[in-house]
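Could you put the whole structure together from the sequences, leaning on the hints where they help?
Residue numbers (the numbering used here), protein chains in the order written: chain A, 1 to 918; chain F, 919 to 1312.
None of these hints come from the bench; they were simulated from the model. Here a beta-carbon is modelled for each residue, glycine too, at the ideal position from N, C-alpha and C. Be aware that a few hints might be false.
Some residues of chain A that are not near chain F, with every Cβ distance over 10 Å (derived) [to be verified]:
#1 D552
#2 Y742
#3 Y801
#4 E833
#5 V879
Computed list of lysine to any residue pairs in SDA-like fashion (alpha-carbon distance at most 25 Å, straight line) [to be verified]:
#6 F:K965 / A:N832
#7 A:K556 / F:D1071
#8 F:K970 / A:L283
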Amino acid sequence: MKKKLLGFLVLLVSVCSMYGQEDQRITITFDNTPLKEALLQLEEKVPYSFYFDETWLKDHRVTKGYDKKKLRAVLNELFEETNLNYFIKDDRVILLNNSVVNPELPFDFFGEKKLEEETQEGSAPIFREEYFSQTTKRKRSIVTVGKQNFSAKNSVFILSGHVTNINANEPAQNLSISTTDKARYAITDAKGFYAIELPYGLNKLETNLLGFEKEFQDVIVYGDGTLDLEVVENVEMLDEVIVESKRDANVRDAVVGASVIDIEGIKTIPLVLGERDILKVALTLPGIKTAGEGSSGFNVRGGRADQNLVLLDDAVIYNPQHFLGLFSAINPFTTQSLQIYKASIPAEFGGRLSSVFDIETKTGNTEKISGEGSIGPITANLALEVPLIKEKASVIAGFRATYADYILKNLDEESLKNSEASFYDAIVKYSHDVNENNSVQSTIYYSKDKFSITSDSVFGYSNNLVSLKWNHKFSEKSRASLIFGNSRYQYDILYKAEANNNFDFGYVLNESLFKLNLYNALSDKHKLSYGLSSKLYVTDPGTIKPIGPDSDVQQKTVDREKGLESAVYISDLFEVNDKLLLNIGLRYSLYAALGEASQNVYTEGVPRNETSIAEVLSYGNNQVIKTHGGFEYRVSGRYLLGRDLSLKAGFNRTIQYLHLLTTNTTMSPTDIWKLSDLNIKPQRADQYSVGIFKNIIENDLEFSLEGYYKTMDDLLDYKIGAQLILNDDLETELLQGQGKAYGVELLIKKTAGRLNGHLGYSYSRALIKLNSEIRQEQVNNGDFFPANFDKPHDLSLIGNYRFNKRISASANFVYQTGRPITYPVGKFVFANEEQVLYSDRNQFRIPDYYRLDLGINIEGNHKKKKLGHSFVNISVYNVLGRNNPYSVFFVNEEGRIKAFKTSIFSIPVPTITYNFKF
Amino acid sequence: MGRIKTKNILPCFLLLLQISCTEPFVVEIVDFENFLVVEGTITTEMKQQGVKLSRTISLEDFEENVEDNATVTVQASDGNTFSFSQDSATGVYLSNEEFQAIPNIGYILKISDENGNSYTSKEVFVPPVVEIDRVYTQRVSDEEKEGIQVFVDSDDAMGEAQYFRYEYEETYQIEVPIYSSLNWEIRDYDVKSGLYEIDLSYRAPEIVCYSSNRSKGILQTSTSILAENKVLHFPIRFILSTNSVLRERHSILAKQYVQSQEAHTFYQILEDLGNVGSLLSQGQPGFAQGNLVSVDKPEEKVMGFFEASSITTKRIYFNYKDFGFKFPPYFIECDSIYQIPNKLLIERLQNENYQIINWEEEGPVKTYIIVKEMCADCTTFSSKTKPDFWEDGP
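In structure tokens:
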């Protein structure tokens, strides 16, 4: 006989006429009878049906005798020692676990539920439904303690219990149990027992002990009670979380448009050629795009590829990608996390218009030597963590290199034998907790790429950076960090043909930075962050040297450019009230273009070229040529509409003083960074954004819907056919125009559980306008036209399903509108040959892009004593074999125009990667 | 130096995995835009100067759309005006009188089409003259190709010219492999029986002819990055050792135009637009704005360029034997065919213009020996007029 549990909602709706024919007298005897059995016997004696959940009755036995008692009296006694309540409606007896059915609805039932007040009052009814939905099972559901009671006068109850370490099956001692706000806490004794005082109502508890997984437990306290807990050791586990925001952060933070990617979570995502790549995962988030497979650079919310500040441990990394963007240059094994700001950029960051990618390297293990490595078809990677001073200082180092070059050298194919393709990157980070109040860390990073562009040229580029950071704590409320850094990006082209123009071309950019961040929690309501920073840019925009005695190439160096960008900033995290949180930031940045240099002054109103130079001004070393600057407003706010629902809005102004010049439609590593000067103005952007954020089922599911509108000024573009390399009068080739971008982004995340992942969709536009009085300087008649990376529809789905502890499968699906291209619309004969006539810029689009990747992760066993853990990742990229055209181009062959399309991965690409950890 | 083209990056990495691909495809037809195309170069050479006018055509069209009935004049800043008239044979507008571009005088091209639309160019000036230093050949032999490469060297001692454009005109002798001294005529052809008579008469054989080709495409270089204004080893023409044009004496006339920076840039853009293709990164294509505008409708696009350019030329002669190559094959296969007068013979003679080189008689039956027209008569595809400049070899 199976009894049903009625939905709690139903109970709430039908709380009336609770009294019926219950005057009947009952005589019954129980002798150590299980409670369930007792109820069934009772049910036979009365004209009532009982409704209950069997699990509530487990372990309860009754020994009692009743003689001509009323039903209510019997039930009251039966449930006396249990957490059960009951109510009677018509001919039904409905058992309730911990709940009392209220004769009336509470005061603001249909209004806003104010949890804090309820818990303080203590006697207000608590609706468990507020905290979780009964339709979905959670790993750890809410536990109720004590029996609900109308007259709960004590506002504080004692919860006690025992904590077991289930790995060793022994008591967990010195474990702290606290409410998540840390207002109340307790510590387990040597035998694992604890007692904590908790207020009436919902309490969110968490456990904390080094080396153990954090456990979260929500408890509804109706009275004194016990709760036993189990904790697990922090061993290597399959990660379920793919893209993880801080718990609740998506709803509670005051920032709009921010995401965190946790590197541990991305290892199961299938990726091209088996390379785990944190930047590629970033591309699956709405609002972050790339022009196409194999193009470097990101376009964040309609911004250009040069508008992203990519920081690796606080220092700028100018080209975070290998081999033209196919792989990222960020070692996945040494990376802790990637924080992306695409709308509300904190006031401490500046110098780029669209976003900040803040990559943090792991801190090395201070306890024991550990490491991680992988072997894939393209690269091998090894990372080591070595403690230097136990519990205080450690080093983490990672090295990754490709062996593609070795494969190429051993090929029979003659045309490939002389090709070169190699890259590697290395990182070392030292961390030292000097004492309680001081810690230092330092990172050194180097990456290098080298490959043949054509049979007669070799192209190489490298990034190196160094950063040093000192963190100091003045008090619990006040702290500071001091950062020094240096980044250097350079590239080099060697050209060796047979004629007299063999050359070696080099480009170097060097950036040195100093930054002081201060934090002061003034009060509960005001938390101030402020500081100052300064950056010195030095670029050598091009040096060409002859190679060999026969070369007639003249050694030439384009004048060095120098600029100093400084900023002061302050921001206040202002908690206006429980619901409204504001983050008000203000940054003032000032840029000075510095000599030694000569600058051309051009006649106004005529095209800038060699003949319109009116005057040439000379500046001495470190003499200020021109200053640009301005206030940058960084304001955002959050308003809580409910416990797990918030509305956010922000306004963000940014100024960028250096510009990337590229002759290609997509970012390529030979592009030149140009500093603002007398003739080149800085780019500016204003972004308005709003978002609504919702979490449900205790944060397993997160929803966000964001919208933005962005305007940009003085974006740098260039005339068709511009000669950007080795041009002393570069400004004659450049145009500055306006940009406009807007969009809506939807993100649904399932952050935990067997099935997890996310679904992102965005509709967005990115438009550019290049207008001028002068015809040669107009593009598309001076009207707005779509940018190269304007892809209105963008859908990404990442799903991961864990079959068991060892096997999981994942899938990744991407759909995007094809990017715009400039199409040939006709032809004509010129120079005795057919020439192509092109449409207006970006008037057409290549076909839509879609791709499905699948992967399987198989972990080694999880024996505790095992020396190392390993897992194998098998993935197939582009399972559907979709021939996604990356580009369409036209070639003049034998005097006729032929069209070609290129796809990079046109067939499914399977890969196996072996990963290990020790 | 030009832009760095990343055309062959992928072979070194991904073709190895056979996963990338580039394939031709048929372009979807888009409404084409009809613009005037102007190609005008006046030079320092005293001659009838030429301006070519045409219209843009759609991608699937093949015929060049020559602009007829336009009024073309060049105004010089010294007060001279030169009128142009369309040459009926080539469609090019030629100046009615010979003239040459003179330094420090500005020239403006003015066009009005048959609908009364007017176009004008910017004022252009002729750059300094630089002599061609040397035009020479080199034998090229590697695994992929064997042949003759023609190079140009040029040295501007004054150092004023930096931008060079080249054209060439190649002229070569042709000697037919089989001589024919016979003309034929069909007589008494009876359609029903298929019987006919052939009358033969003697003529002088057309053995030697001279053909000329103009270079195709834009050939240009600049010395702006070089220490000296010296063009060295600039390749203008490559001829495969098996090319039939090499069978007899061969001549190349190299023309060197010194350009202004603006003209050079325009030609460079056109050249780049014809070849924007690269696998991983593309140049930004777009409308190449020249130095011509519409007078009445500023928004109307005009394609093309009007330039004044100094020109120098140099001619060389060479022969395949100088390079030790084998005698190149003739343009087509030239087998002699023996044929009695049947239906096939008359078809070959009448429809394909086969030439009779001889005949044999066996009793009443005549057998004719015939060859394809090109094999026995070079005037059918070339000219027997010896060019004025031609110098016979040793």
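Task: Violated hints, by number in ascending order, as checked against the structure - done: Violated hints: 1, 4 and 8; rest satisfied.
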